[in-house]
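*Asks:* Sequence:
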Amino acid sequence: MTDSIQSNASNGDGVVVNNLTFAYPGYKPFISEFSLDLPRGSRCLLLGANGAGKTTVLQILAGKYMVKAEDIRVIGRSPFHDIQLTCSGDLSYLGSQWRRDIGCVGNNVSLQGDIGAGQMIFGVPDVDPLRREELIQLLDIDLDWRMNTVSDGQRRRVQICLGLLKPYQVLLLDEVTVDMDVVGRLELLDFFKKESEERGATIVYATHIFDGLEPWVTHLAYVAGGKLQKGGIFAEVMAPELESCGHGGRHKKLLQVVESWLQAEKDQRGDLPDDPNAEEQREAPILPSKHLMYFR
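The working numbering numbers the first residue of the sequence shown as 16 and each following residue consecutively.
If you're looking for bench data, these hints aren't it; they were derived computationally from the structure.
Each hint should be verified, as a subset may be incorrect.
Said to hold, decoys possible - DSBU-like, lysine-lysine: derived pairs with alpha carbons at most 30 Å apart:
id, residue 1, residue 2
1, 83, 242
2, 181, 209
3, 83, 245
4, 209, 43
5, 79, 209
6, 79, 43
7, 181, 268
What the hints assert, rightly or not - Label-pair ranges, simulated between beta-carbon atoms:
id, residue 1, residue 2, range
8, 141, 96, 21 to 31 Å
9, 147, 168, 17 to 27 Å
10, 149, 278, 35 to 45 Å
11, 148, 215, 16 to 26 Å
12, 215, 99, 11 to 21 Å
13, 140, 91, 22 to 32 Å
14, 164, 140, 25 to 35 Å
15, 40, 255, 38 to 48 Å
16, 148, 34, 38 to 48 Å
17, 283, 143, 42 to 52 Å
18, 98, 215, 35 to 45 Å
Beta carbons: idealized from backbone N, C-alpha and C, even for Gly.
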């Protein structure tokens with residue numbers, strides 16, 4: 016049964032999705048009856064198996080696909096129809112558009128090209144120099160790095176820095192820490208926590224890496240088959256799951272809980288009759304984005 020994430024905040028403070036149904040052209044609905052209500056300052060962990068619809072949800076929130084304005088409200092505005100929302104930096108999206116051979120966030124520059132990290136970072140206009148310096152130090156970026164010679168993890172650090180230079184109000188993250196080492200990832204999560212607590216930034220983070228996330232998360236959304244299956248305040252959703260499992264008083268970890276959800280989902284799929292069109296129906300097609308937001 017689909018759950019709606021509820022909060023005490025008024026609509027428009029953070030992220031509100033109102034019974035969203037979305038289909039790619041020529042396909043059956045990929046997202047169905049999806050409702051989400053996140054207050055300002057929340058840190059929501061977006062969970063689900065590969066192909067569950069997490070990236071599509073984040074891209075819709077980022078304004079990359081057109082939906083009805085009343086279906087999606089990010090700080091009270093429609094991310095697709097209000098281009099200023101993204102161009103201003105109030106809404107920032109760091110996601111799967113990153114590739115080794117294409118440009119970073121905000122820069123239509125090939126990462127295979129011989130360009131310096133400092134040239135890219137200092138090329139972004141109207142940036143608070145103190146914030147820029149903090150991010151350079153936090154992400155341990157050498158401004159002399161050449162983007163055609165450094166590792167994927169180092170390129171990722173530069174991309175993240177570019178996406179965080181403007182003080183966003185809503186931040187959407189799609190597996191952005193996958194190439195980072197443990198220390199860099201945990202320090203970045205601490206930075207995000209500070210941003211949400213001190214500036215009231217709302218963060219939605221999709222990841223399959225759960226180390227250190229228990230004290231970080233405030234809200235949780237578990238997606239399966241394009242629908243929200245479990246959602247709400249983290250402590251309330253996880254309370255029954257994190258009770259003592261009877262082995263010396265130990266408690267289940269987030270990883271164990273999510274693993275049990277995914278295993279149950281897999282077992283349920285295995286009990287259903289074979290559908291030759293199932294994979295095609297759940298695979299998001301590769302579509303070109305014509306929206307100006309794509310080139311931000």
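*Asks:* Each of the hints needs a verdict: does it hold here or not?
*Replies:* Against the structure, the hints:
Restraint check for residue 83 and residue 242: satisfied, since their Cα atoms lie roughly 18 Å apart, inside the 30 Å limit. Pair hint residue 181 plus residue 209 holds up; C-alpha atoms about 15 Å apart against a cutoff of 30 Å. Pair hint residue 83 plus residue 245 holds up; C-alpha atoms about 24 Å apart against a cutoff of 30 Å. Distance hint between residue 209 and residue 43 is unfulfilled; the C-alpha atoms sit about 40 Å from each other, more than 30 Å.
Restraint check for residue 79 and residue 209: satisfied, since their Cα atoms lie roughly 28 Å apart, inside the 30 Å limit. The hinted pair formed by residue 79 and residue 43 meets the criterion: a straight-line CA distance of about 19 Å does not exceed 30 Å. With a C-alpha separation of about 34 Å, the suggested pair residue 181 and residue 268 falls outside the 30 Å cut-off, and the hint is violated. With their beta carbons about 24 Å apart, residue 141 and residue 96 fall inside the hinted range of 21 to 31 Å.
A hinted range of 17 to 27 Å for the beta carbons of residue 147 and residue 168 is consistent with their spacing of about 20 Å. The hinted range of 35 to 45 Å is satisfied by residue 149 and residue 278, whose Cβ atoms lie roughly 41 Å apart. The beta-carbon spacing between residue 148 and residue 215, approximately 23 Å, falls within the hinted interval of 16 to 26 Å. Distance hint check for residue 215 and residue 99: the Cβ-Cβ separation is about 20 Å, which falls inside the suggested range of 11 to 21 Å.
At about 26 Å, the CB distance of residue 140 to residue 91 agrees with the hint of 22 to 32 Å. Checked against the hint of 25 to 35 Å, the pair residue 164 and residue 140 passes, with Cβ atoms roughly 27 Å apart. At about 41 Å, the CB distance of residue 40 to residue 255 agrees with the hint of 38 to 48 Å. Our hint of 38 to 48 Å for residue 148 and residue 34 holds, since their Cβ atoms are close to 44 Å apart.
Range check, residue 283 to residue 143: about 49 Å between beta-carbon atoms, so the 42 to 52 Å window is met. Separated by about 23 Å at the C-beta atoms, residue 98 and residue 215 break the suggested range of 35 to 45 Å.
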